[in-house]
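Undergrad: Assemble the whole structure, with the sequences as input and the hints as a guide.
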Amino acid sequence: MWHNVWAVIRREYLQRVRSKWFIAATILGPLFMGGLIVVPAYFASKGEQGARDLAIVDGTNVLYDRLAPKLVEAGWTVHEERWHADVVTELREAANEGAIGGFIMLDEITLENGEAVLYTTDRPSALRQVTLRGSIARSALEYQLEQRNVDVESMLRGGELRVEMLANAGADMEDPQFVVAYIGAFFLYMVILIYAVAVMRATLEEKTNRIVEVIISSMKPWHLMLGKILGVGAVSMTQMAIWALAGVLLFAAGVPMLIAARPELANLAEIREALPGIGLLPLFLAYFVFGFFMYSGLYAAVGAMCNSDEEAQQAQWPVIMLLVVPIIMVTNVIEDPTSSMATGLSLFPLFSPILMWGRIAGGGVPGWQIALSFVLMIGAVFAIAWVAGRIYRVGILMAGKRPTLPELWRWVRQS
Amino acid sequence: MRDDGYAIRLRGVTKRFGKHTAVDGFDFDVPRGTICGLLGPNGSGKTTSIRMIMGILLPDEGSVSLFGGDPDATRRTKVGYLPEERGVYRKMKCLELLTFLAEIRGVRRPEGRRRGAEWMERLGLPDWMDKKVEDLSKGMQQKIQFIGTVIHEPELLILDEPFSGLDPINQDVLEEIVRDFHARGTTILFSTHLMDQAERLCERVCLISRARKVLDADLRALKAAERKGVVAVEFEGSDSWIQGPEIERVVPVNGALHLMLREAADHQPVLERAVASGARILRFDLLEPRLHEIFVRHAGAGAVGDAGVPAGRSFTGSSTGGA
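Residue numbers (my numbering), protein chains in the order written: chain A, 1 to 415; chain B, 1 to 323.
If you're looking for bench data, these hints aren't it; they were derived computationally from the structure. Among these hints, one or two may not hold up.
Said to hold, decoys possible - Just the calculated beta-carbon pair ranges, DEER-fashion: (1) A:G134 to B:R90: 57 to 63 Å; (2) B:D72 to A:V17: 43 to 49 Å; (3) B:E134 to A:W409: 35 to 41 Å; (4) A:Q129 to B:D130: 55 to 61 Å; (5) B:R90 to A:L249: 34 to 40 Å.
Heads up, the beta-carbon is just placed ideally off N, CA and C, and yes, glycines get one too.
TA: Now the structure itself:
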């Protein structure tokens, strides 16, 4: 009776989405995070205004033209002071009177090793110091490289490595995106665990609550389990959709706002370029969905066979191990995505969500392996549903001692 | 399958838990429209039997049919079940919970909502519809659970110890509702260890003890059959009529006289003689055996004694019947 499954989904979804926990985690969470970044930056940008007017005394005559644009871009106002005998005394007075924020002395030593001196009345923040130091060093380096006819831009960007594939094996692979691979894998681990555990807790609650007998007299245990899993799954999708939207807003509106307020944070804009292409998003979601279905089935069975939270804590460890193993392996797999170990482990359905994702984002998976992983996961979903459904069906109405493994096997065989 | 006139039929139903036999070869019929009590001490197998009727447990042997057919086909929409251990979704609002319970038994949501509200009015909870179940007192929660049992207007009500844990006033309210359903033609099976409650409510009783059925009969016929032939009389005037061939012995009890009749003797000639003698008859009462006595006689005193359930007393200790 799909009608019943639907009723369970609806109840589960509405109860959860209306709960204070969900509202806090889903809506206030990103707001809070965003606020944490934007608000201090905003106030900080107002606070340090005075120190942003810098005088530069350029003893080399070649650095100012290179340095000034960089500092202006990062939010300072600069002007050049000619070198003369009393320049330090004069500028010091100006700074003490508050006419300027401070002054930088550049000389031949700066050209050789990037050292310079900043005289200032307020100690600048660590971030500003880094920006200043980096800009000065880079200006010196640019000058030195230009003297030797070197392509300064390309060298300082870190060069470029073009990969030309000789065989066909990896021709359809993407460029590696290590950060995305790692963060994505850990995020998958986290959300799969959180929501699968939610299914377990819901099952356990119904059981200890004794409402399950009333429900089971009106529908098949399998329908109840399915409704629970789909209901919690729908909640997870809602939550991730809101998070994704918040993330997009943060990068589309929040980061430019932040950079406008604190130009020295301009590097943040590069994060956007490091984010996965839209093409990876459906794959990410697909691996989440399959991972969630597999693990929530296992967790539903764990919940059904236990009688208390304490018991469940113990009984869930084999399932947690199944999630922890790929997390331990993911570093190796991302670093060497084409090894036979990486291939083999990532095709094991219970490891696929985390490891295959790591390989895909790490850039080492031929398309047929991705397809195969989904075929295997579909098989696993059905197999787990079959086994877990049987354990669930017996366990959900069972009181008393937690079953041993042989007993569990009997449950699976008998029902 | 055709309707055989029985709401519930069990044939040779047996359930074992490991070495322990909880229910042993149980044959049990509940004709449609009757109100039937399933009686027995704690641990005798009442809850296990009911769970098998409800399909929560599968019998190791024997068969269960409801309304003359496959129980799975009718259970969801035609049966209302109040388990012994009653649970609720504590975080749900009362009316939402009732709507949900109606929905999973095939009642559309708006209709379920309407009925839920109606019942809450009727049971004196109109102000609690949008309150969470956990905010209700235990007694009120039991009312909600009962509404949840009947909200889909089942044809068969199966209530496992429905009266335990209720205060006397709410027991009366619930009894009244049960009678009301009975009057509307609903078949009712309820388990209890309270013999006098069963005596008040039931048309049929089924007594089980130590996993076995001891008795299964129409209550009135049972009492007639078990009548020992004792007439309690109170009168003013002549006592000459007390002498007679029917009467074996006379015992004074609480200001009345108990006339012990001989085996198979009829009480009617005694009454005729009494009227003829001119005595003023205040009471002429064929004493019926109490259900408790019948049970003790059939199950043996030990069966009742070791479970410690004398008639008319409530024991709220938890049952092991479902373990």
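Undergrad: Do the Cβ positions of G134 (chain A) and R90 (chain B) conform to the proposed distance bound of 57 to 63 Å?
TA: Holds, at about 59 Å.
Undergrad: Kindly confirm whether 43 to 49 Å is satisfied by the beta carbon distance between D72 (chain B) and V17 (chain A).
TA: At 33 Å between Cβs, range violated.
Undergrad: That 35 to 41 Å hint for E134 (chain B) and W409 (chain A) (C-beta), does it hold up?
TA: Since E134 (chain B) and W409 (chain A) have Cβ atoms about 38 Å apart, the given range 35 to 41 Å holds.
Undergrad: If I claimed the Cβ atoms of R90 (chain B) and L249 (chain A) lie 34 to 40 Å apart, would that claim hold in this structure?
TA: holds (37 Å)
Undergrad: Does 55 to 61 Å hold as the CB distance between Q129 (chain A) and D130 (chain B), or does it fail?
TA: holds (60 Å)
Comparing the model with each earlier hint shows a violation of hint 2 alone; every other hint is respected.
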